[in-house]
Amino acid sequence: MPFNTACKDKRFLIIDDIPEMRFSLRRQVGSLGCEHIVLSSTVKDALEKLESSAFDIILCDYYLAGGTDGQQFLEFVRGRNIIGSGVLFVMVTGEKSYDSVVTAAECLPDDYLLKPFTADTLKMRIERLLDKKKRLARVDRMRDRKNWNGVINACNEIIATKDRYLVDALRIKGNALLQAGEAETAAAFYQQVLSMRSLPWASLGLARALNQLGESAHCKTTLKALIAESPKLMAAYDLLGKVHLASGDADAAMAILDSACVISPHSLTRHRAIARVAEKKGDFARVEKALGHVIRKTRHSPLRETRDFAQLGNALTEMGEPGKAVALLEEVRTNFKNDANDPLLAAVEAIAQQKSGNPEKAAAALARAMQSDPSRLPEAVTMALAKACLATGNQQAAQEILKNLVQENPESKDLHARISAVLRDNGAPELADQLVKESIREIIQLNNEAVRRAKAGELAIAAEMLCAAAHRLPGNLQVVANAATALLFDIFRNGLDAAKLRTAQTFQQNVEAQCPDHPKLAEMAELMKRIHTR
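The opening position of the sequence shown corresponds to residue 67 in this note's numbering, with each subsequent residue numbered one higher.
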């Protein structure tokens with residue numbers, strides 16, 4: 067006879083590659099009175115079901131077929147927001163492997179179920195988790211919307227009651243403060259928590275706040291003490307590696323990541339981090355080793371990442387094996403149809419083809435890469451495009467791409483140094499310093515000229531100049547904000563123009579999405595209000 071439980075109406079997804087285990091779990095869940103139960107035997111099938119249906123509870127075995135484990139699957143669905151914060155994810159694992167499973171968990175499931183377990187144990191665990199989710203429901207809704215102030219307020223209400231979910235609310239509030247960019251407030255908050263009780267998550271949060279504040283020495287000291295106290299807290303190793311790398315100490319970053327790999331050897335995220343550090347060091351053999359491991363694990367999995375193949379292809383080319391790089395990248399284009407025209411893959415292939423003595427194939431690969439608008443691509447992809455242009459003799463195109471990248475990030479000294487290095491290392495040393503300086507001077511002159519025009523009453527011309535720059539440089543928020551403001555001033559002074567208003571609203575939304583606290587937003591809102599109340 068089934069239990070009458072709180073999870074009776076909940077929708078379950080059970081993921082296990084062994085048929086007997088799937089059906090055993092189904093019987094146990096069914097014995098709780100649950101009727102909405104879906105079974106999946108593979109990661110691919112589970113992803114398809116998650117994309118087409120909503121679930122409340124996921125029971126996932128740690129060991130899955132196809133090279134992907136339950137932890138990697140969890141990191142994938144949480145990291146890409148495929149499941150919301152309110153969805154329960156319970157990892158099912160054998161007791162003998164529990165320690166190694168928990169060690170690997172940077173992204174924590176809501177709970178672990180150790181096999182074998184009874185229906186009574188399942189009922190007790192699920193009901194306890196549902197009670198917690200019910201208490202944190204408002205918090206989870208705010209988290210999914212990335213409304214960090216809302217998360218903080220909802221957590222404060224729970225903290226004020228001092229109920230049994232106090233620690234959960236404290237932990238979530240600290241993370242929300244960091245996500246909201248309130249690093250100084252977050253640091254004070256974590257220090258207050260630690261003054262009451264030593265909690266590893268609070269020490270890690272404090273380290274993250276210190277890192278955001280630029281206090282790298284204090285951050286490193288905090289992380290080293292945390293690792294000594296909690297040697298299996300893998301996220302502490304990962305953050306320390308990032309801090310070492312950001313401060314220019316790639317050797318120390320590699321050492322800490324290597325020590326983490328001894329404890330938790332199966333994390334794809336960490337092997338990718340090792341590859342990034344090795345690439346920074348110019349140790350392309352190590353890049354090949356790290357990414358070779360990742361690709362072997364994900365080659366036939368929907369969790370594979372195009373970037374892994376591109377980065378490995380680049381490493382092979384740098385090691386003087388462009389033929390192997392070409393073979394790898396052509397395999398990706400042939401077997402993974404969705405990735406066939408990926409601009410990063412195409413850019414890396416263009417370089418490999420050129421160095422393999424295939425200029426026509428290099429030109430074809432570069433043409434595929436250039437089908438995407440560089441201004442809409444991530445920085446790493448844009449840099450790869452510029453390198454491909456330089457390698458194939460298209461120096462003018464490379465200059466234009468890099469100029470736009472500088473002008474979108476005029477304050478980023480690190481990026482400017484990397485752009486100069488790309489030019490020096492790819493046959494254009496005379497442009498290395500000149501391009502950065504001239505690109506910054508050009509955008510400053512454009513902005514100053516637009517301001518001069520606006521002050522002279524030529525609002526339409528000023529707005530047109532800034533709009534052209536904003537369309538070309540959507541990542542330069544100063545230019546985009548100035549364009550929106552100039553358009554709104556033009557509309558306010560010269561009358562409503564529906565097309566200009568739509569463009570101004572698009573620019574305003576762009577700024578809000580990338581920087582909710584941008585100082586120009588208040589001025590835009592006031593102008594919009596005055597336009598609509600005339």
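Calculated from the structure, these hints are not laboratory results.
Do not rely on the hints blindly, as some may be mistaken.
To be verified - Per label pair, the in silico range of CB-to-CB distance:
| no. | residue 1 | residue 2 | range |
| --- | --- | --- | --- |
| 1 | Glu504 | Pro425 | 27 to 35 angstroms |
| 2 | Leu260 | Ala393 | 14 to 22 angstroms |
| 3 | His332 | Lys110 | 16 to 24 angstroms |
| 4 | Gly523 | Glu592 | 18 to 26 angstroms |
| 5 | Gln437 | Ala294 | 35 to 43 angstroms |
| 6 | Asn407 | Glu504 | 29 to 37 angstroms |
| 7 | Lys595 | Ala487 | 25 to 33 angstroms |
| 8 | Glu592 | Arg207 | 52 to 60 angstroms |
Where a beta carbon is used, it is the ideal one built from N, C-alpha and C, also for glycine.
These are the hints, each one checked on the structure:
1. Glu504 to Pro425: 27 to 35 angstroms: holds, 30 angstroms
2. Leu260 to Ala393: 14 to 22 angstroms: violated, 53 angstroms
3. His332 to Lys110: 16 to 24 angstroms: Once the Cβ atoms are compared, 20 angstroms apart, the range 16 to 24 angstroms for Lys110 and His332 holds.
4. Gly523 to Glu592: 18 to 26 angstroms: holds, 21 angstroms
5. Gln437 to Ala294: 35 to 43 angstroms: Given a distance of about 51 angstroms, which is not inside 35 to 43 angstroms, the answer is violated.
6. Asn407 to Glu504: 29 to 37 angstroms: With a Cβ separation near 33 angstroms, Asn407 and Glu504 satisfy 29 to 37 angstroms, so the hint holds.
7. Lys595 to Ala487: 25 to 33 angstroms: At 47 angstroms between Cβs, range violated.
8. Glu592 to Arg207: 52 to 60 angstroms: violated, 30 angstroms
When each numbered hint is compared with the structure, violations occur for hints 2, 5, 7 and 8.
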